[in-house]
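Peer 1: This is what each chain is made of:
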Amino acid sequence: MQSRLPILVFALVMAAIPFVPGIPPFWIVLLDNIGLSALVAMGLVLLTGVGGLTSFGQAAFVGFGAYTTALLTTAYGLSPWLTLPLSLVVSGLLAVLLGLITVRLSGHYLPLGTLAWGLGLFYLFSKLGFLGRNDGISAIPPLSIGSFRMLDPGSIYFAIWVAVILSALVTMNLLDSRTGRAIRALRRGHVAAEAFGVQTPRAKMLVFIHAAVLAGLSGWLYAHLQRAVNPTPFGAQAGIEYLFIAVVGGAGYVWGGVLGAAIVVILKEVLQSYLPLILPGSGQVETIVFGIMLVALLQLAPGGVWPWLMSLLPERRGGKKPDTSLKLEQRTRSRAEGGVLLQVEKARKQFGGVVAVNNVSFDVQAREIVALIGPNGAGKSTTFNLITGVLSATSGAISVLGKRVDRAPPQEIVKLGISRTFQHVKLVPDMTVLENVAIGAHLRGHSGPLAAMLRLDRADEAKLLAEAARQIERVGLAEQMHQLAGSLSLGQQRIVEIARALCVDPMLLLLDEPAAGLRHMEKQQLAKLLRDLRDGGMSVLLVEHDMGFVMNLADRIVVLDFGTKIAEGTPATIKTNPEVIKAYLGVAA
Amino acid sequence: MNTTIMLFLLQDGITNGAIYALLGLALVLVFAVTRVILIPQGEFVTYGALTYASLASGQMPGTAKLALAMGIGACAFELFVARKALHGRLILRSVLANIVLPAIVLTLTIYFAAQKPPVAVCIALSLAIVAMIGLYLYRIAFQPLAHTSVLVLLIASVGVHLAMQGLGLLFFGAEGQRGPAVLSGAFTAGSLRFTGQSITVYGITVAFIVGLWLFFGLTLYGKALRATAVNRLGARLAGIRTTLSGQIAFLLASVIGALSGIMIVPITTLYYDSGFLIGLKGFVAAIIGGLVSYPLTAVAALFVGIVEAFSSFYASNYKEVIVFMLLIPVLLLRSLAAPAVEEEKD
Numbered sequence: 001m002q003s004r005l006p007i008l009v010f011a012l013v014m015a016a017i018p019f020v021p022g023i024p025p026f027w028i029v030l031l032d033n034i035g036l037s038a039l040v041a042m043g044l045v046l047l048t049g050v051g052g053l054t055s056f057g058q059a060a061f062v063g064f065g066a067y068t069t070a071l072l073t074t075a076y077g078l079s080p081w082l083t084l085p086l087s088l089v090v091s092g093l094l095a096v097l098l099g100l101i102t103v104r105l106s107g108h109y110l111p112l113g114t115l116a117w118g119l120g121l122f123y124l125f126s127k128l129g130f131l132g133r134n135d136g137i138s139a140i141p142p143l144s145i146g147s148f149r150m151l152d153p154g155s156i157y158f159a160i161w162v163a164v165i166l167s168a169l170v171t172m173n174l175l176d177s178r179t180g181r182a183i184r185a186l187r188r189g190h191v192a193a194e195a196f197g198v199q200t201p202r203a204k205m206l207v208f209i210h211a212a213v214l215a216g217l218s219g220w221l222y223a224h225l226q227r228a229v230n231p232t233p234f235g236a237q238a239g240i241e242y243l244f245i246a247v248v249g250g251a252g253y254v255w256g257g258v259l260g261a262a263i264v265v266i267l268k269e270v271l272q273s274y275l276p277l278i279l280p281g282s283g284q285v286e287t288i289v290f291g292i293m294l295v296a297l298l299q300l301a302p303g304g305v306w307p308w309l310m311s312l313l314p315e316r317r318g319g320k321k322p323d324t325s326l327k328l329e330q331r332t333r334s335r336a337e338g339g340v341l342l343q344v345e346k347a348r349k350q351f352g353g354v355v356a357v358n359n360v361s362f363d364v365q366a367r368e369i370v371a372l373i374g375p376n377g378a379g380k381s382t383t384f385n386l387i388t389g390v391l392s393a394t395s396g397a398i399s400v401l402g403k404r405v406d407r408a409p410p411q412e413i414v415k416l417g418i419s420r421t422f423q424h425v426k427l428v429p430d431m432t433v434l435e436n437v438a439i440g441a442h443l444r445g446h447s448g449p450l451a452a453m454l455r456l457d458r459a460d461e462a463k464l465l466a467e468a469a470r471q472i473e474r475v476g477l478a479e480q481m482h483q484l485a486g487s488l489s490l491g492q493q494r495i496v497e498i499a500r501a502l503c504v505d506p507m508l509l510l511l512d513e514p515a516a517g518l519r520h521m522e523k524q525q526l527a528k529l530l531r532d533l534r535d536g537g538m539s540v541l542l543v544e545h546d547m548g549f550v551m552n553l554a555d556r557i558v559v560l561d562f563g564t565k566i567a568e569g570t571p572a573t574i575k576t577n578p579e580v581i582k583a584y585l586g587v588a589a
Numbered sequence: 001m002n003t004t005i006m007l008f009l010l011q012d013g014i015t016n017g018a019i020y021a022l023l024g025l026a027l028v029l030v031f032a033v034t035r036v037i038l039i040p041q042g043e044f045v046t047y048g049a050l051t052y053a054s055l056a057s058g059q060m061p062g063t064a065k066l067a068l069a070m071g072i073g074a075c076a077f078e079l080f081v082a083r084k085a086l087h088g089r090l091i092l093r094s095v096l097a098n099i100v101l102p103a104i105v106l107t108l109t110i111y112f113a114a115q116k117p118p119v120a121v122c123i124a125l126s127l128a129i130v131a132m133i134g135l136y137l138y139r140i141a142f143q144p145l146a147h148t149s150v151l152v153l154l155i156a157s158v159g160v161h162l163a164m165q166g167l168g169l170l171f172f173g174a175e176g177q178r179g180p181a182v183l184s185g186a187f188t189a190g191s192l193r194f195t196g197q198s199i200t201v202y203g204i205t206v207a208f209i210v211g212l213w214l215f216f217g218l219t220l221y222g223k224a225l226r227a228t229a230v231n232r233l234g235a236r237l238a239g240i241r242t243t244l245s246g247q248i249a250f251l252l253a254s255v256i257g258a259l260s261g262i263m264i265v266p267i268t269t270l271y272y273d274s275g276f277l278i279g280l281k282g283f284v285a286a287i288i289g290g291l292v293s294y295p296l297t298a299v300a301a302l303f304v305g306i307v308e309a310f311s312s313f314y315a316s317n318y319k320e321v322i323v324f325m326l327l328i329p330v331l332l333l334r335s336l337a338a339p340a341v342e343e344e345k346d
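Those sequence lines, one after another, are chains A and B. Position 150, counted from 1, in the first sequence is what my numbering calls 150; the numbers after and before it change by one each time, with no gaps. Position 188, counted from 1, in the second sequence is what my numbering calls 188; the numbers after and before it change by one each time, with no gaps.
None of these hints come from the bench; they were simulated from the model. Ideal Cβ placement from N, Cα and C applies to all residues, glycine included. Some clues are possibly wrong.
Covered stretches of chain A, going by a simulated chain B footprint (3 or more residues, C-beta under 8 Å) [unchecked claim]: (1) 233 to 245; (2) 297 to 305.
In silico lysine-lysine, BS3-like type, Cα no more than 30 Å apart, as pairs [stated by the list, open to error]: (3) A:K426 / A:K327; (4) A:K268 / A:K426; (5) A:K127 / B:K319; (6) A:K127 / A:K327; (7) A:K463 / A:K320; (8) A:K268 / B:K65.
Using the sequences and the accompanying hints, generate a full structural model.
Peer 2: Structure follows, in structure tokens:
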């Protein structure tokens, strides 16, 4: 994704800072605090900025990490190094528990739900006897390596920043992987990701746990820096503060979390130490100024400071083209020539009293292009949604190669080799064309999140990207491979969706208005592509309004009107069918 | 437990619940129209309450000056935005609404504060001051951010909350205050004693709910607000000024907040930072109501108030834990009942 050089430079600079002669020890304390906040903010970047799940509850996970080590090292005399994994595990497990309840929440229920348990847990910390109630736990032993005891902020500084830089690397690795693409697709809604086999609840849970573990790590470090814990820093205020660190820095960017932490911590410190000099004798002036500056900052850079800074740097885009010689395993196609691939029998879908699809039956044979046409509101897209499992049919049967699929979720249907595009383009606009298309190959990769974090997924990843690049070339968008998907024209975005669907290695391709927004030449190229695909053994079912395009391309046409099938046949017979003409023109011609 | 205690707790819960209902309604209103989750709602409560209490005890509340300062800021913002198309009437209107109006209210406040005014005057002045603060707040802080995501608006809302809470400390000090009852006197029915104050609370809550219902159902402005809530772009295309909708929403929210504050400050001592928790409980009610339904929010608020009253009696240590944890099962039920629909996030 990005070159590792700037990170190395950053690490060296951070390592050198304590050795600068004459540096005030107080600065080191500030840097410690920045590092601790940055860890939590980084998790939030992944959770909120990338995954679209807003959480106010992260301070509670910091609390879990801190209290775990505090309790175990003081009451049971465990070594802090032993409590490190335990702190992380406790945060992670509680994240699973809280995640099971809250991750399912949609829209703005989620942030409010996290606020609720954030507050609840804060009060719990301050009421439980074995956690010392409001006084908390003190006399926590310092971290030590051999006889070197990290007693002062200057020595634990290294532990904190090693943790920050490693966590940043791991998080960036995760984002730049198969799992990462699935996570980045979450923010744009579930339907597209699930259509390519992404288990969205699992992906959400994963980012939730990742963010909680980072917060737990921050809590563990905090406990050994302060050598005492009490409930105050784990309350709702802190949870909100972590969130605005992430937003101020730039919620979609890992380094935005670090920058945001630096801005907020330093700003607060400066306000606290210098404002009383300007305005003496007044109580909470720094909070007032802080609040006002926060609003002002958001008004100046609503996307956060990091992307704003990056836009000042000269643009460098145009990543390497993947090595397209690498091959992914192909689907074993056990199809008999001319067999029935997709069978729709009396499929019916009712929304309340509205019958969107009324007992429609048709089939798609192997190596065939079938067009589904009809006036607006005829139920074409609903039929697509029934076939791909986005909606489940009220009654009727849908089977693929003889296997019933009308109760199967989208993730199962795509496994059978049925992939689709959408009438309203569903790409992730801030991912490149290559990355978007690679989501299509999600099920053909095998590396999990841990492998991705440790960079053990590269061989698998190279094959996925190679496949994506091959499909992009096939649809004729090689030039645009490294552009952001959102920067393409709508017509091109539809073509990108086709490339993404082709990455599934499908037997049946479902295209919802693929030619809309294309120019004449582009339509001809698309028609040629679809014919080639058919001749290569694929079947295509498409919804389209451009009659010229459909009539020249389709082998067979199914016509729907008000949810009911009114005709089926070759283009020539459909053209002269009086029912069809009546449906389109309103009168018997 | 005996019936007397139960009835007493129930009564206590309903009084608090009525306040939460009002706050919940305001939150729903603001969120629906502007997508802002209004955390400073609690500050409207404390500002209203403490302005009222200060005035009643013959002190000059700092909020009146704040209103003037924010008015000047709002005027500056307004003129800056319209700098390309300035004309005399626009400038005049902006100066009148943003500077002259708060200046008049400030003068009146200074005049009345010196002579311990009657309750009605205190209420009128407090409401006017907080209403103006709410209006100018939208103009300064949120209108420039109207196009951004819910998350950014939320963070801005937190910033505003911090600033306003700090200002609250500056104006009213760290000590809590109580105000005189709006309606004195009491009567007993069976073993229960109804104070004039609690009757006021019920009356005003019901009046507001009915009023809002009429406002949204019957008036053009109410319908414009609903249209904005459903679809901003569509509303704009239909000729509705969405900024005006936002201003009305904030105006209503601040009036509701201030009124809630004035109603509870005779019952409990309020501090400069009490608003946050009170607002949050209104919030819990609003969420249970799904941030859309007014009647459901009102019922939920009563429920929250009653749960709070009972848990403060039986497990006072865990009162807050119980109230906030109450949300989780409700949220869970809600999201199970309505499976996630494809939402276009901005």
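Peer 1: So, for every hint listed, does it hold in this structure?
Peer 2: Structure-based check of all given hints:
no., hint, in the structure
1, 233 to 245, "holds (count 3)"
2, 297 to 305, "holds (count 3)"
3, A:K426 / A:K327, "27 Å, holds"
4, A:K268 / A:K426, "41 Å, violated"
5, A:K127 / B:K319, "11 Å, holds"
6, A:K127 / A:K327, "59 Å, violated"
7, A:K463 / A:K320, "14 Å, holds"
8, A:K268 / B:K65, "26 Å, holds"
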